[in-house]
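So the protein lines, in turn, are chains A and B. Numbering-wise, the first sequence is residues 8 to 341 according to my numbering. Numbering-wise, the second sequence is residues 8 to 341 according to my numbering.
Hints were generated in silico from the structure; no laboratory data involved. Hints may be right or wrong, so weigh each one.
Note that the list lumps identical chains together, so a pair holds whenever it fits in one copy or between two copies.
[Claimed, not checked] Calculated lysine-lysine pairs in the DSS-like style (CA-CA distance at most 27 Å, straight line):
| # | residue 1 | residue 2 |
| --- | --- | --- |
| 1 | K260 | K277 |
| 2 | K30 | K145 |
| 3 | K270 | K145 |
| 4 | K281 | K312 |
| 5 | K128 | K312 |
2 protein chains.
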Amino acid sequence: MSEKIRVVLDAMGGDFAPAEPVKAAVEALNENTELFIYLTGKEDQINQELQKYTYPKDRLEVVHASEIIETGEAPAKAIQTKKDSSLVKGLKMVREGKADAIVSAGSTGAVLVGGQVIVRKVPGVERAPLAPLIPTEKGFSLLIDCGANVDARSSHLVQFAIIGTIYMKHVIGIENPTVGLVNIGAEEEKGNALAKETYQLLKETEGINFIGNVEARDIPAGAADIVVTEAFTGNVILKLYEGLAGTLIKKVKEGLMSTLRSKIGGILIKPALKNTLKSFDSSTYGGAPLLGLRGLVVKTHGSAKSVEIKNSIIQCIKFTEQDLPGMISEHLKK
Amino acid sequence: MSEKIRVVLDAMGGDFAPAEPVKAAVEALNENTELFIYLTGKEDQINQELQKYTYPKDRLEVVHASEIIETGEAPAKAIQTKKDSSLVKGLKMVREGKADAIVSAGSTGAVLVGGQVIVRKVPGVERAPLAPLIPTEKGFSLLIDCGANVDARSSHLVQFAIIGTIYMKHVIGIENPTVGLVNIGAEEEKGNALAKETYQLLKETEGINFIGNVEARDIPAGAADIVVTEAFTGNVILKLYEGLAGTLIKKVKEGLMSTLRSKIGGILIKPALKNTLKSFDSSTYGGAPLLGLRGLVVKTHGSAKSVEIKNSIIQCIKFTEQDLPGMISEHLKK
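With the rest of the complex left out, here is chain A (with noise of 0.2 Å):
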């Protein structure tokens, strides 16, 4: 069992637990034998689902927790208080070693502020950034950070290009990926203070590959592998990308059924269109990944069904091959 990658899932978190957690890791276990999984929860309600499924008995285990973090909760709170919580029992065992990684579907809040206190950042990083896989033209970009902590300070963003740059390299495998600075012009000097200051300090940082500033607009042709911005920003992206596109998707049905002609022609194109869309659909991405950690915490979707879960699971495999802390401590040392 020592050569497996061990993921707790946290079968309590999201708008669809226990059922759609349960389902993923039963998928995730059954196309994935280098897998274990351990879910945290209530026991009863997760074997009642469990019950619907074959999977392999010998690499799942049920660790029983009594309490629900809810996502209205304050998240510091929560973490303090509800000690046996399907997420807190799940993070404990993630920082004793007892497992590689943790997914939640559950308190984005919860999530980054349990991952930091228990799980515990890596010594020489200043904040864990949240980094989830944005689609665009040419595959997908890191858009870091995306996380709670807002008011960022310019050495937390060059620190977000370093620790993404070697996400990128070591986990997603890109060669040489580019940094690129969100602001609002191309120039040098745009920018706010803080993005003036950190465009100053990137073009100094070494070991990164920094093409300057990204202007949002770029942002979805693939303008640069890794997109470094703080907080509040790079959460109003994130979330224009969900928003907006969900939009146009249903402007473009709307548009198919407006005519008999259309209609017609809506069904002939359904499958390529289905196709095509699937790649700017963030459930193929799985979670976010808290970077930074001493171990490996994904965030994904509250909404998330088990499709995405269960990506986010196998996420952790190629993750955990990866000394990535070891790699972030090497580097910020330098």
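Once you've looked at the hints, dock chain B against the given chain A.
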């Protein structure tokens, strides 16, 4: 002539000047009998373009200007030194009351600086915000501010909410328009220092219909009529809107060309789809007004063709029929 709406059009501004601006002027004049247009720029070039068209010669005047402000130039310096440029000459005509409004597709920076320096702000206005209408599922929202003045204070954002409310009420004709503050969460205590401070001030601001925080995800759905944010985030939202819409439409087209079946379907759906996507085309809405000034300054895209420029000119009619500067000044005195 005194009852006419007098609009200056910077004939040398934008990527397709003077051809597209001149064409736009002719189209606007032919469609609106209450319009009078001044075209500022190089007389010989403008006249050469004008020869191509039939138009009411008594409602158009060419005002010669020998210089052009280029996009790459430092805005403040360009405004100061190029006194005989098409933009500066036009702005001065607005300042001196010879014209009611100016439309330019030239350098955004120069238009923003020139508007504030030459046309000048309404007394009491701290910053003049650039406020485009962005398409939503319900129609459109006013995104205020998208300008170049970053690092805003909360008092600026409160003024944006007030100015935006007056604009949406009296120019666009929406009764009791809703005001939302861009933030990374719906709850009152969410966000960075600026958002938290602004939230508290907006709650207590009279004469606006503040509905709380708006997450970027909900902007395309039309969550608020007036979307208040500081210029850095506003710029990111505006440009991501453009970039993402472009990328998604490209993806849809790629999908349609991928199989024979989808190609046939594509031909059938083309007219319906074109209609739907038109509502998400920024050129339909014309330009972005620079609000809070003593006259009207409208900035259109550098890449604007005649339709967009024409729509920007027509926008000015409604605007100048109302005494917006007076209303803003009145409200800020309260």
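Against the structure, the hints:
1. K260 with K277: Close inside one copy (10 Å) and across copies (13 Å); limit 27 Å.
2. K30 with K145: neither (31 Å within a copy, 37 Å between copies)
3. K270 with K145: between (31 Å within a copy, 23 Å between copies)
4. K281 with K312: Cα proximity of K281 and K312: one copy only (18 Å, versus 33 Å across).
5. K128 with K312: neither (29 Å within a copy, 52 Å between copies)
Checked against the numbered hints given earlier, the structure breaks hints 2 and 5 and satisfies all the rest.
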